[in-house]
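Undergrad: Here is what each chain is made of, one letter per residue.
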Amino acid sequence: MKIDFQHIQSAHCESGVTSSLLRQNSVNKITEPLAFGIGAGLFFVYVPFIKINNGPAIAFRTFPGVIFKRTCEALGIKVIRKKFRSKEQAESFLMKCLEEGIPVGCQVGVYYLSYFPREYRFHFNAHNLIVYGKEDDNFLISDPVMENATTLTTYELERVRFAKGALAPRGQIYYPQSQDIITDDQIKKAIVSGIKKNVYTMLSIPGSFAGVKGIKYTGEKIKNWLDKLGPQKAGLYLAQLVRMQEEIGTGGGGFRYIYAAFLQEAHAYLKKDELLEISKTFTQAGDLWRTSAVQAAGIFKGRLGSQEDFNLMGDYLIEISVIEKEAFLALKKIKWH
Amino acid sequence: MKKENVPQDLSSLGKITKEICYATDKSGKYVTELSRGWEIKINALDVAWEDIEARKARAKQQVLNNEVSPLLYFMEYRLMDIGILSDYTGFWKWQIKRHLKPEVFKKLSDKDLKKYAEAFNVKIEDIKTMSVHED
Chain A
1057 MKIDFQHIQS AHCESGVTSS LLRQNSVNKI TEPLAFGIGA GLFFVYVPFI
1107 KINNGPAIAF RTFPGVIFKR TCEALGIKVI RKKFRSKEQA ESFLMKCLEE
1157 GIPVGCQVGV YYLSYFPREY RFHFNAHNLI VYGKEDDNFL ISDPVMENAT
1207 TLTTYELERV RFAKGALAPR GQIYYPQSQD IITDDQIKKA IVSGIKKNVY
1257 TMLSIPGSFA GVKGIKYTGE KIKNWLDKLG PQKAGLYLAQ LVRMQEEIGT
1307 GGGGFRYIYA AFLQEAHAYL KKDELLEISK TFTQAGDLWR TSAVQAAGIF
1357 KGRLGSQEDF NLMGDYLIEI SVIEKEAFLA LKKIKWH
Chain B
499 MKKENVPQDL SSLGKITKEI CYATDKSGKY VTELSRGWEI KINALDVAWE
549 DIEARKARAK QQVLNNEVSP LLYFMEYRLM DIGILSDYTG FWKWQIKRHL
599 KPEVFKKLSD KDLKKYAEAF NVKIEDIKTM SVHED
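Chains as they are written, first to last, in the numbering used here: chain A, 1057 to 1393; chain B, 499 to 633.
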């Protein structure tokens, strides 16, 4: 059984799945950057009292599941989302969808994902992929970060759908309920709503760990890492920061480039010239994130390591925080009517 | 980032799939470009794995010294903390902490060991002999 479905590669798993699942509704109009921007995907958070893989808990994107939810909501599309207690129920529901010809998104854990190289397999449970058929014992899988479509055996798929630990997927499955066609007017409104939401999460979210304030906060913390953690652990922490920022799924520059691409596409719909200028500011932020990653690598590779080097690293983040603040303030000022 | 500056340093992922990066073309318009990897990211991942290898080696020595049960070695091998292992096996965290003691571990039934073996995706024999077969 195979649903007529075209695999398209994207940078990030969730915005990629969102874009692919909405392809029919939107007649290919909801591209990955649009899904990311309408879903208000850009974020920054550093939670100092939580550890992930023995390192700092840092994210450059919003919480898992939110991009799909917000994008569909903003476009007025109802979402079906189900979690399961039993593996049998999870599989029979999946089979039912496939028999009805519906490709579905699944949240999965990466650790036992057999087609990923071993070096990339950590206990990360918020990966997303699309199942679009089954042939013999193999489910047909469209994993957005992969160049080509792939397969998982029944056992392998069950194992990753029921991965355990933080954000355990519990067999979670989701898809847009209707196949109504999305109009350009709906897309325009959704873009404005996505930008407004992202302005809020980056500028006004309470607390000092998140948004542009969180970037500045992290920059200040980094300056103390050498003293507080010692050179080896400080290096590990910086390596984790770089991985969250640049690893597969980010599109480069901690998602800042995808967001810059979104603003250009937003301009094509809304014709506000400010959007093009602000897009350039996000490119500049992305470039500076990458410059900071080079500095971080100098430290964790042992080429650099003095307090001065940590100060410069911290200063990069403080500078980025100023740039992104300015960019979101400019977005906030746009008059949409 | 400009399209021509998208790095192409072959990573372990790059051997299996190229990844999409967003970058600007000559006119400043965003396009996607495939990348085989970036040295900076490769280094960051290497650092993470060197740390895991060091943890594994330390755990192995502790097991050989009879300070801790082989479970710790397999936890490091599978990058699991007690919370994740508890979720996979259904044991409470305090039970796992007990099972980490060599003398308690020796008395575990095959039924209990089987739960650990499934969580680690290894055979019961492998846990007892601390042998891993890379997959």
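No lab work stands behind these hints: they were computed from the structure. Please note that a few of the clues may not be correct.
[What the hints assert, rightly or not] Result set (DSS-like, lysine-lysine): computed pairs, CA atoms no more than 30 angstroms apart in a straight line:
| hint | chain 1 | residue 1 | chain 2 | residue 2 |
| --- | --- | --- | --- | --- |
| 1 | A | Lys1388 | B | Lys500 |
| 2 | B | Lys554 | B | Lys500 |
| 3 | B | Lys501 | A | Lys1139 |
| 4 | B | Lys604 | A | Lys1381 |
| 5 | A | Lys1253 | B | Lys527 |
| 6 | A | Lys1107 | B | Lys501 |
| 7 | A | Lys1058 | B | Lys604 |
| 8 | A | Lys1107 | A | Lys1388 |
[As the list claims (entries may be wrong)] Which stretches of chain B does chain A cover? Using the computed rule of at least three CB atoms under 8 angstroms from a CB of chain A, they are:
| hint | region |
| --- | --- |
| 9 | 507-516 |
| 10 | 559-565 |
| 11 | 588-594 |
| 12 | 602-615 |
[Said to hold, decoys possible] Selected chain A positions facing chain B (Cβ under 10 angstroms, derived; list incomplete):
| hint | residue |
| --- | --- |
| 13 | Met1151 |
| 14 | Tyr1167 |
| 15 | Pro1173 |
| 16 | His1179 |
| 17 | Leu1285 |
| 18 | Arg1299 |
| 19 | Gly1307 |
| 20 | Tyr1315 |
| 21 | Val1350 |
| 22 | Ser1362 |
| 23 | Gln1363 |
| 24 | Asn1367 |
In this text, a Cβ means the ideal position worked out from N, Cα and C, and glycines have one as well.
Undergrad: The structure should be examined with respect to each hint, and the outcome stated for every one.
TA: Here is what the structure says about each hint:
For the given pair, lysine 1388 (chain A) sits about 27 angstroms from lysine 500 (chain B) by alpha-carbon distance, which is consistent with the 30 angstroms threshold. The hinted pair formed by lysine 554 (chain B) and lysine 500 (chain B) fails the criterion: a straight-line CA distance of about 41 angstroms is larger than 30 angstroms. Using a Cα cut-off of 30 angstroms, the hinted pair lysine 501 (chain B) and lysine 1139 (chain A) is violated, with the two alpha carbons roughly 41 angstroms apart. Restraint check for lysine 604 (chain B) and lysine 1381 (chain A): the C-alpha separation of about 58 angstroms exceeds 30 angstroms, so the hint is violated.
Between lysine 1253 (chain A) and lysine 527 (chain B), the direct Cα distance comes to roughly 25 angstroms. Compliance with the 30 angstroms bound is thereby established for this hinted pair. Distance check on the hinted pair: lysine 1107 (chain A) and lysine 501 (chain B) sit about 35 angstroms apart at the alpha-carbon level, beyond 30 angstroms; violated. Using a Cα cut-off of 30 angstroms, the hinted pair lysine 1058 (chain A) and lysine 604 (chain B) is violated, with the two alpha carbons roughly 50 angstroms apart. Pair hint lysine 1107 (chain A) plus lysine 1388 (chain A) does not hold up; C-alpha atoms about 33 angstroms apart against a cutoff of 30 angstroms.
Residue count for the region 507-516 of chain B with a Cβ under 8 angstroms from a Cβ of chain A: 6. That meets the three needed, and the coverage hint holds. Evaluation of the coverage hint for the region 559-565 of chain B: breached, as 0 residues show C-beta separations to chain A shorter than 8 angstroms, against a requirement of three. For the region 588-594 of chain B, the stated coverage by chain A is not satisfied: 0 residues place a CB nearer than 8 angstroms to a CB of that chain, which falls below the threshold of 3. Only residues whose beta carbon comes within less than 8 angstroms of a beta carbon in chain A count, and the region 602-615 of chain B has 0; fewer than three means the coverage is violated.
A distance limit of 10 angstroms between C-beta atoms decides the matter here; for methionine 1151 (chain A) the minimum to chain B is near 24 angstroms, and the interface restraint is violated. Look at tyrosine 1167 (chain A): its Cβ gets to within about 7 angstroms of chain B, closer than 10 angstroms, so that hint holds up. Nearest Cβ of chain B to the Cβ of proline 1173 (chain A): about 5 angstroms, under the 10 angstroms cut. The hint holds. The restraint placing histidine 1179 (chain A) at the interface with chain B holds, with a minimum CB-CB distance near 6 angstroms, inside the 10 angstroms limit.
Look at leucine 1285 (chain A): its Cβ only gets to about 13 angstroms from chain B, farther than 10 angstroms, so that hint breaks. Because the closest C-beta pair between arginine 1299 (chain A) and chain B is about 5 angstroms apart, less than 10 angstroms, the hint holds. Annotation: glycine 1307 (chain A) was flagged as interfacial toward chain B, and the flag holds, the nearest CB pair being 4 angstroms apart, inside 10 angstroms. Checking tyrosine 1315 (chain A) against chain B: minimum C-beta separation of about 9 angstroms stays under 10 angstroms; hint holds.
Annotation: interface hint on valine 1350 (chain A) holds; nearest CB of chain B at approximately 6 angstroms, less than 10 angstroms. Checking serine 1362 (chain A) against chain B: minimum C-beta separation of about 19 angstroms lies over 10 angstroms; hint violated. Because the beta carbon of glutamine 1363 (chain A) sits about 20 angstroms from the nearest beta carbon in chain B, more than 10 angstroms, this interface hint is broken. Nearest Cβ of chain B to the Cβ of asparagine 1367 (chain A): about 20 angstroms, over the 10 angstroms cut. The hint is violated.
Against the hints set out earlier in the document, violations occur for numbers 2, 3, 4, 6, 7, 8, 10, 11, 12, 13, 17, 22, 23 and 24.
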